[in-house]
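Trainee: If you want the building blocks of each chain, they are given just below.
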Amino acid sequence: MIPKKISAGRGTLLAIKTDKFKTEMLTLTLPLPMAQRTQRLCTLLFSILRRGCKAYPDIASLSRRLDDLYDANIATMAAPTGENFSAGFACECLDSAYVKEDNDLLAGTLDTLRKMLFEPLLDADGNFSQKALELEKRNLCDSIRTSDNDPKIHSFQLCRGIMFEGEPYGKRAAGTVEDVMAVNGKELEEFRREYLGLSSPTFIYIGRRDAEEIKALIEKYFGDFGGEKARLNKTILKNAVPSMRSVEEEMSVLQGKLTLGMRSDIGAVDKDMYAAILTNDIFGGSPSSKLFRNVREKQSLCYSCSSSFDFVKGALFVRSGISNENKDRVIKEILAQFEEIKSGNISDYEFECSKRSIENYYRQASDSAYSMENYYRTRSIAGIDTTLDGAIEAIHSVTKEDVVRAANRFGADTCAFVRGNLGDGKGYEEGDEDE
Amino acid sequence: MNDIKTVKSALLGEKYEHIKHKSGLDIYVFPKNLTTTYAVFGTHYGSIDNGFMLEGDSSVTEVPGGIAHFLEHKMFTNEDGSDSFERFSELGADANAYTSYDKTVFLFSCTSNFSECLGELIDFVTHPYFTDESVAKEQGIIAEEIGMYDDNPATRSYYGMLEGLYEKHDIKNNICGTAQSIAEITPALLYRCHEVFYNLSNMALVICGNVTSDEVLTVADKHLKAQNPVKIIRRKVKESDRVAKPRTECKMQLAKPLFDIGIKDTAVPADPILRERREVAMSIVTDLIFSQTGELFSELYESGMISPSLNSAYTVSETFGFCAVSGEADDPEAVYEKIKSYVLQKRNEGFTEEEFERCRKVFYSSFVRGLDSADDIANDLIEFVFDGYDFFGYADIISTITLDEVMEVFRSSFSEQCFTLSAVFPIDNK
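Chain order of the listed sequences is B and R.
Per our numbering, the first sequence starts with residue 7, numbered consecutively.
Per our numbering, the second sequence starts with residue 17, numbered consecutively.
FYI, nobody ran anything at the bench for these hints, they're computed from the structure.
Idealized CB from N, CA, C, for every residue including glycine.
Hints are not guaranteed to be accurate.
Restricting the straight-line Cα-Cα distance to at most 30 Å, the calculated cross-link-like pairs of lysine-lysine (DSSO-like) are [unchecked claim]: (1) B/K26 / R/K31; (2) R/K377 / B/K26; (3) B/K137 / R/K272; (4) B/K106 / R/K377; (5) B/K277 / B/K10; (6) R/K21 / B/K28; (7) B/K192 / B/K121.
For each label pair, taking beta carbons as the anchor points, the in silico distance ranges come out as [unchecked claim]: (8) B/R251 / R/K241: 56 to 66 Å; (9) B/T18 / R/L290: 52 to 62 Å; (10) R/M321 / B/L128: 23 to 33 Å; (11) R/N226 / B/K192: 48 to 58 Å; (12) R/A170 / B/Q42: 20 to 30 Å; (13) B/N351 / R/G156: 18 to 28 Å; (14) B/S13 / R/S428: 56 to 66 Å; (15) B/N133 / R/M321: 24 to 34 Å; (16) R/H143 / B/V183: 52 to 62 Å; (17) R/D420 / B/I12: 47 to 57 Å.
Just a sample of chain R residues kept apart from chain B, beta carbon distances all over 10 Å, derived [claimed, not checked]: (18) E255; (19) E334; (20) D420.
Required output: the full structure, derived from the provided sequences and hints.
Mentor: Right, here's the structure in full:
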C-alpha cells in the first residue's frame with residue numbers, strides 16, 4: 007500500500023486506499039514548532055472544543071451526535087517530533103457499508119469537527135466562557151501534578167530535563183501549573199483563530215475511498231483550515247556529555263525507577279538512522295535483546311528493563327523498575343551491555359533476530375490504520391518520505407559494521423533514579439475501613 | 017478424524033472454522049486478508065483456580081495464590097535449556113502471554129514462518145519443564161513485577177474494589193499473588209497444575225489471519241498428541257448477596273484521589289446462553305448510566321466533581337459478575353453518593369427508546385470495529401470459547417435485545433447493598 011500524495015485544501019493529502027478495514031480514518035494535523043505556550047494553549051483549546059460548540063452546546067449533545075454516527079470518534083492529537091510537534095484531530099468511524107441506513111458517516115464526522123473548530127461556543131464578548139476554561143485549566147493542572155507524582159514518568163522527565171537543558175525537546179509540554187492558570191478566555195479565543203492558520207496541514211486518509219473523493223470532502227469541510235507554512239525548528243543534535251551525569255530523588259513507593267539516557271548526533275536523515283534503530287533493538291528493544299536476556303533473565307535483577315530510540319532526536323532511553331539495592335549493579339550492567347555492542351560483540355542470533363523483529367513490526371503496521379497513520383505523520387514532519395516497504399528494505403541492508411559504527415556515536419549522558427523510600431522494608435500501610 | 021464446522025455471520029460478512037481436532041483440542045481458524053497472522057493457545061485456567069480436583073480424586077488440591085501466572089512465566093523455559101521467546105525471535109515473530117482471572121493465554125504474531133511458529137507454540141505450551149533453580153530465579157522476577165503493581169495507584173484502587181465486593185472469592189486476590197504466596201511455589205505444584213489444566217480438553221487454539229485450516233491442521237497433526245479428556249471440579253465458594261465491605265481505602269504517592277466503585281451482580285446465570293445475553297444487557301445498562309452521553313456524566317463533570325475520564329465496564333464470568341466505574345475526584349465519597357442516588361432514580365424512571373437505540377449503535381460499532389484486528393478477533397474468540405458464548409451470536413443479541421429486557425435486568429440488580437467504594441488518597445491528604 008503506497009500512499010497517494012496530492013494537494014488538498016491548503017495542505018497535502020496522503021491517501022492510502024485499502025479495503026482491509028471496516029472503518030475509515032482521516033487525520034488533520036498542523037506541524038508546529040515546539041514551544042510551551044503553543045503546546046499549553048493547544049491542549050486547553052482542544053479540551054474546551056470537546057466540551058461543545060454552537061450546534062452541540064454541551065458534552066452530552068456532542069457525544070450524542072457522535073454516538074448517532076455509530077460511535078464516531080474525534081480524538082485530539084499533539085505529538086512531539088524532535089523540536090516540533092503535530093497538533094490536530096483524528097476522525098475515525100465505521101465504513102458506511104456496514105450500517106443499514108444511507109448515511110455517509112465520515113462526512114457526518116467531518117461536519118461535526120468543522121462545527122467544533124470553526125463555530126465554537128463563545129460568551130457575549132466573543133471569548134471562551136471563563137467557567138468552562140477554569141475547569142479545563144484545573145484538569146490540565148491535575149494532569150501535570152499526576153505526572154509529577156508518578157515515579158516512572160517523573161524519572162523520565164528528570165532525565166530529559168537534564169539531558170536536553172536549553173533545548174525545546176527537554177521542556178515539559180504544557181509548562182508549569184502557574185503558566186496554565188495564567189491563561190484567560192480572550193487569549194484562548196485569539197489562539198484558536200491563530201491556530202486555524204498557523205501552518206500548512208497534513209491530511210492522512212486510510213480507507214476504501216479514492217484520494218480524489220477525500221480531497222473533495224476536505225475542500226468542502228476544511229478548505230480554509232491551515233495557512234502559511236510555519237517555520238519549523240531545526241532539530242538540535244548533540245553528542246553526550248563526556249561524563250555521565252546522575253540525579254536521584256525519593257518518592258513514597260516500593261520500587262525504584264531508573265531512566266538512563268544516551269545521546270548521539272544521528273538524526274532522522276542521517277545515513278546511520280536505520281543502523282541506530284537496529285542498535286536499539288539489539289540493546290533493549292525486544293525479548294532477544296541484550297538487556298532482556300542478561301539483566302532480566304540471567305541476573306533476575308528486574309521485571310522490566312528495555313530501551314527505546316527517538317529516531318528524530320538521536321536519543322536512546324533505558325527504563326527499568328528495580329529494587330533500590332540493585333541500582334548500581336543494574337546501571338553497571340546496562341552500560342556493560344552497550345559496550346558489548348560498541349565492541350562488535352553481537353552474535354548472529356542477536357543481529358538476525360533484531361532485523362526480523364523490526365521488519366515484522368513494519369509489516370504489521372500495515373494491518374492497523376492507527377499504526378500506518380502514525381508512521382506516515384511522524385515521518386512527514388521529520389522530512390522523510392520512506393514508505394513502510396522502503397523502511398523494511400533499509401533495515402534489511404544494514405550490516406553488523408553499520409551497527410557498531412552507529413553504536414559508537416552514542417554516549418551515556420544522564421542517569422535519573424527515583425528511589426522508592428518504602429522499598430527498604432517499610433512497605434505500604436493499609437487503611438481499610440469498615441462501615 | 018478431525019471434525020470441521022463452518023460458522024458464518026451474514027450480518028458481518030465473516031466466517032470461521034471450528035475444528036474438533038482428533039487430539040481432543042478445539043481449534044478455530046478465522047481467515048482475514050491481513051499481513052499479520054495471530055495465534056493464541058490458551059487454557060481455561062486463571063488466578064481464581066486455587067482449589068480443584070479431578071473427577072475421581074478424593075480431596076481438593078489447594079495451591080498458592082499466583083500460581084497460574086507463575087506457571088505462565090515458567091512455560092517459556094524448555095528442557096534443553098532454550099527459551100521459547102528466543103526461538104520466536106529467531107523466526108521473526110513476536111511472542112507473549114497473559115494470565116487473567118479465568119484463563120492463561122500464550123500467543124504470537126508473525127508475518128512469515130507461520131507453520132514453524134505454530135509448531136513452537138504448541139510444543140512449548142504442552143511440554144513443561146521446571147527445576148528448583150529456575151523456580152527460585154523466577155520468584156525474584158515476579159516479586160519485582162508484584163512490586164511494580166503495588167506501586168500503581170489505579171491497580172491498588174481496583175483490587176480494593178474487588179476486596180470490597182467479595183468476601184471469599186479468589187477474584188479479590190492479585191493475579192500475580194503476593195511475595196509470600198509465590199515463595200511457596202515448587203516444581204511439583206507447577207507440574208500438578210499443568211497436568212490438570214493444560215489438558216487439551218481444557219484448552220483452545222485460535223488462529224486469525226491469512227491462513228487456511230489445512231495449513232493449521234498440517235502443523236496440529238504433527239505436534240499434538242491425543243490426550244484423554246479430564247473433568248475438572250473447581251472449588252466454588254458461596255458469596256453473599258451483599259458486598260463484603262462498603263468502603264476500602266489506602267494512601268499512596270499521587271496527586272489527586274482515585275476511586276473505583278463496584279456494583280456486585282448477584283444473579284449471574286450458570287447457563288452460558290443466558291449469561292451472554294445478561295452480559296449484553298448489563299453492559300448496555302452500564303453505558304446508559306455512565307457514558308458521556310448521559311446526564312450523570314455531564315452533572316459530575318460540569319460541576320468539577322470528576323476529571324474528564326470516567327471509565328465503566330461490566331465484567332462477568334461463570335462465578336462472578338460486577339460493574340466497575342473508575343475515575344479521579346477530589347471527593348470520591350461525594351461522587352459515590354451522587355452515583356448511588358442517580359442509579360436508584362433511573363431504576364424507577366427508566367431510559368428512553370431514543371437513548372437505548374443510540375446505545376445499541378455504539379455496541380454494534382464496537383463489535384464491528386473489533387473485526388478489523390487479528391489480535392482482537394483471536395483474543396475475543398478464545399474468551400468466548402471459554403465462556404461458552406456464541407461469537408457471532410453476540411452481534412445478534414445486540415441487534416435483537418429490547419429496552420424492556422434491559423430494564424428488567426437493571427431493576428433486578430444495582431440494589432444499594434451491592435455497592436462498594438474503593439478510594440486511594442494522596443499521602444497526608446486524608
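Trainee: Take the hints in turn and mark each one as holding or not.
Mentor: Here is how each hint holds up against the structure:
1. B/K26 / R/K31: Answer holds: B/K26 to R/K31 is near 16 Å, not above 30 Å.
2. R/K377 / B/K26: 22 Å, holds
3. B/K137 / R/K272: 21 Å, holds
4. B/K106 / R/K377: 11 Å, holds
5. B/K277 / B/K10: Holds, at roughly 26 Å.
6. R/K21 / B/K28: Holds. R/K21 to B/K28 sits at ~26 Å (cutoff 30 Å).
7. B/K192 / B/K121: Given pair B/K192, B/K121 holds - Cα atoms ~20 Å apart, limit 30 Å.
8. B/R251 / R/K241: 56 to 66 Å: 58 Å, holds
9. B/T18 / R/L290: 52 to 62 Å: 54 Å Cβ-Cβ, so the 52 to 62 Å window holds.
10. R/M321 / B/L128: 23 to 33 Å: 25 Å, holds
11. R/N226 / B/K192: 48 to 58 Å: 56 Å, holds
12. R/A170 / B/Q42: 20 to 30 Å: Since R/A170 and B/Q42 have Cβ atoms about 28 Å apart, the given range 20 to 30 Å holds.
13. B/N351 / R/G156: 18 to 28 Å: 26 Å, holds
14. B/S13 / R/S428: 56 to 66 Å: Once the Cβ atoms are compared, 60 Å apart, the range 56 to 66 Å for R/S428 and B/S13 holds.
15. B/N133 / R/M321: 24 to 34 Å: 25 Å, holds
16. R/H143 / B/V183: 52 to 62 Å: Once the Cβ atoms are compared, 56 Å apart, the range 52 to 62 Å for B/V183 and R/H143 holds.
17. R/D420 / B/I12: 47 to 57 Å: 52 Å, holds
18. E255: Fine: 17 Å to the nearest Cβ keeps R/E255 off the interface.
19. E334: Nearest chain B Cβ is 28 Å from R/E334, so the label holds.
20. D420: Since the minimum Cβ distance to chain B is about 21 Å, R/D420 lies beyond 10 Å and the statement holds.
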